[in-house]
Amino acid sequence: MLILTRKLNESVIIDDKIEITVISIDEGKVRLGISAPKEIAVHRKEVYLDIQAENKKAAESSMNIDVLQKLLKKK
Amino acid sequence: MILNTRHFGKIEIDPEQILTFEEGLLGFESIRRYVLIPNPDKEVPFHWLQAVDDPDLAFVVTIPFLFKEDYEFDIPDKVIKQLEIEKQEDVVVYSIAVVPEDIRKMTINLQGPLIINGKNKKGKQIVLDDNTYSLKYRIFQETAQAEQE
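Chains U and G, in that order, are what the protein sequence lines are.
Taking the numbering used here, the leading residue of the first sequence gets 1, the next gets one more, and so forth.
Taking the numbering used here, the leading residue of the second sequence gets 1, the next gets one more, and so forth.
Do not rely on the hints blindly, as some may be mistaken.
Claimed, not checked - Straight-line C-alpha distance at most 30 Å; calculated DSSO-like pairs for lysine-lysine:
1. Lys78(G) x Lys45(U)
2. Lys10(G) x Lys45(U)
3. Lys38(U) x Lys78(G)
4. Lys45(U) x Lys136(G)
Simulated from the structure, these hints should not be mistaken for lab results.
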């Protein structure tokens, strides 16, 4: 992993086309501005991890949905 | 083609109906081929997404718009390209459900919808990053409240 030190308003450029700028620094919080071409997907990592965890839970779901069928039909 | 499944036993599937998720689903990256098993009861909008290459792996899925009428999001251009989507009508959206023991606490994941191009059967789970939609959307909220009243 490459580690760089940046100050406020400084940025890094990745592969000539992605620019990440430090917009503000405040008590343990850093705001980043990311300019990247549209085809580059940028996500907060925890959202990814959350969805992974949720998929795993879903895979362990009870497959017996008889009860569910009844519940829906009651509606 | 005969498919072995843990939950449904041996089932006959049409190989042309196999859905390909090139990147798998999040957390299940190595499993790329699925089939949709429709609910035999037409009144029940929950179906199964069964992995072709893993008999143990199946998800309960549903059409999210049935439970969240104003659900909307943009499919990124990159995904439109990747799935070779030509027309909006070809797109099918599913949400994966988590079915707990107490079924009334069932939730569907609106933050990571499955996008499927019905034409070429290519699919992808996309991530909606803006926190507008819940990862655990309770679908029986209203029912549960009504019962309490």
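Quick rundown of the hints versus the structure:
1. Lys78(G) x Lys45(U): Holds. Lys78(G) to Lys45(U) sits at ~19 Å (cutoff 30 Å).
2. Lys10(G) x Lys45(U): The given pair, whose Cα atoms are some 39 Å apart, is violated under the 30 Å limit.
3. Lys38(U) x Lys78(G): Holds. Lys38(U) to Lys78(G) sits at ~7 Å (cutoff 30 Å).
4. Lys45(U) x Lys136(G): OK: Lys45(U) and Lys136(G) at ~18 Å, within 30 Å.
Going through the hint list in order, the structure does not satisfy hint 2, though it satisfies all others.
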